Amino acid sequence: MYVAVKGGERAIENAHAWLVEERRGDTSVSELNIAQIREQLALAVNRVMAEGSLYDPDLAALAIKQARGDLIEAIFLIRAYRTTLPRFGASLPIDTGRMACDRRISATFKDLPGGQVLGPTFDYTHRLLDFKLAAEGEVPEAATREATPGDVPHVAEFLNHGGLIEEARHNDTTPPDLTREPLEMPAERSLRLQALTRADEGFTLGMAYSTQRGYARNHAFVGELRIGAVPVEMDIPELGFSIEIGEVTLTECETVNQFTGSKSEPPQFTRGYGLVFGQTERKAISMALVDRALRWEELGEEDEGAPAQDAEFVLYHADNIQATGFLEHIKLPHYVDFQAELELVRKLREEAGANTAREAAE
Amino acid sequence: MNEDHAPRQRWLGLMAKAPAGRVASLLDEAMTRPAFTWLRAPEVGSTMVRARAGATGGPFNLGEVTVTRCALTLATGEVGHAYIQGRSKADAEAVAVVDALMQTSKAATLQAQVLDLLDAEQTAKRNARAAKAAATKVDFFTMVRGED
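Just so you know, the protein sequences line up as chains W and D, in that order. Anchor point for the first sequence: position 235 equals 235 in my numbering, and the numbering is continuous, going up by one each time. Anchor point for the second sequence: position 4 equals 1004 in my numbering, and the numbering is continuous, going up by one each time.
It should be emphasised that the hints constitute simulated quantities derived from the structure, not laboratory data. Computed from a predicted model, the values in this text were never measured in an experiment. A portion of the hints provided could be inaccurate.
Said to hold, decoys possible - Mimicking BS3-like on lysine-lysine, the simulated pairs with C-alpha atoms at most 27 angstroms apart in a straight line are:
| id | chain 1 | residue 1 | chain 2 | residue 2 |
| --- | --- | --- | --- | --- |
| 1 | W | Lys110 | D | Lys1137 |
| 2 | W | Lys331 | W | Lys65 |
| 3 | D | Lys1125 | D | Lys1017 |
| 4 | W | Lys132 | D | Lys1017 |
| 5 | D | Lys1132 | D | Lys1017 |
| 6 | D | Lys1017 | D | Lys1089 |
| 7 | W | Lys347 | W | Lys65 |
| 8 | D | Lys1132 | W | Lys110 |
| 9 | W | Lys132 | W | Lys110 |
| 10 | W | Lys132 | W | Lys65 |
| 11 | W | Lys65 | D | Lys1089 |
| 12 | D | Lys1137 | D | Lys1125 |
Stated by the list, open to error - Just a sample of chain W residues kept apart from chain D, beta carbon distances all over 10 angstroms, derived:
| id | residue |
| --- | --- |
| 13 | Ala15 |
| 14 | Leu43 |
| 15 | Ala50 |
| 16 | Pro120 |
| 17 | Arg127 |
| 18 | Val139 |
| 19 | Ala143 |
| 20 | His170 |
| 21 | Leu191 |
| 22 | Leu193 |
| 23 | Glu265 |
| 24 | Tyr273 |
| 25 | Leu299 |
| 26 | Pro333 |
| 27 | Glu351 |
In this text, a Cβ means the ideal position worked out from N, Cα and C, and glycines have one as well.
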């Protein structure tokens, strides 16, 4: 018989106090401040903003500090904070064609208008530990060159002219919002894109990788990858017109995939789309691959039974806050549930024992 | 309303993208702030940022951005609004004050001492980044081939 108890308050308080002390670490080492995290761990900040689904670098930096660098815990903090904010409205759809590009590359066209701009990338580094960084020092200034003013055109536009690639047809329907309505199947593309852009990077990467290895057979080229700042414009009802309310840095990836045609579509290239808050290149490419794999039905492709084609599987397991919430709750007290299981196993053993005894007697 | 919104759109957008504390410090250097009453006290909230599938297709919800807004009215009746990215109530107040004053005889002073400076700073910052990006642009050259 199990009797419900309460307690552990003091233990919990003391555990939290110890957590605070451990978070600070050795006090002879200087303490990190929010600006240091924001400026020097910018890619961690970007991941927390993207998967926390809230663009605010200072808040993300604070969350990383509070979470002792556990990024999923930091994302959890951001998601929880987000729910306390009143929603003022939605922006007009941003125009990534107006992006001030820090980086813009294409793996499909060498000579494209606007050129191949590498930006501040880890690509082509040797991945050797740089021990100079262990010592503090001055940073050499980056080189500059006269820039060509004006917007950089999207690569897909050139292919569009020849009708060689499917068009992303413009429409202005109000998209579903999974922060307001629970995610339900079947999920249209706009809902899938919202789920994917805030999905766990590791999960999305694994799913994308599976398509490259042959599960859903979608050989993708990075048609274009661009990173840079885009203005955010919003209609202000009290003014009666729209204004720019700020600017966000985004990573956009558009893949170009071969498509042999279907009953309704001629052979042409198709597209996968990734767009993520911050400089988050691995995630944006992964998103584009998974988006393309999930589009099999609308393109009239075959269901190969690949995990990355299964929208329900992908979308219901991609959110790391949902996943970690359910996973980690099993470490919390389940004394009563377990007591019931224990009773059951004992009873089954008794019955099995009684049966064996009866059989032996017969 | 038939008036041309473009100038007001421009100055509100310019101030919304200013770094923390910048509008307030430029305003205070330019003049003493007038008395005002709140129509809506500064409030922190969010805006859902939308994007388009494939950059040009149907819209989807990308994620939210923190925004602070407020509205106020000067003793002389002009109404100022602010909607700015981030969580700074002090910055929102300064933006709304400038917005209201831009509808008064102070407009020329503020244009010169706040807005033009912000514009120049933002242009310089954007150009500096663009120049660094341009330096990482690849110049391809064809290797001499041995067949001739």
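Find the hints from earlier in the document that the structure breaks and name them by number, from lowest to highest. 4, 7, 9, 15, 16, 19, 20, 21, 22 and 24
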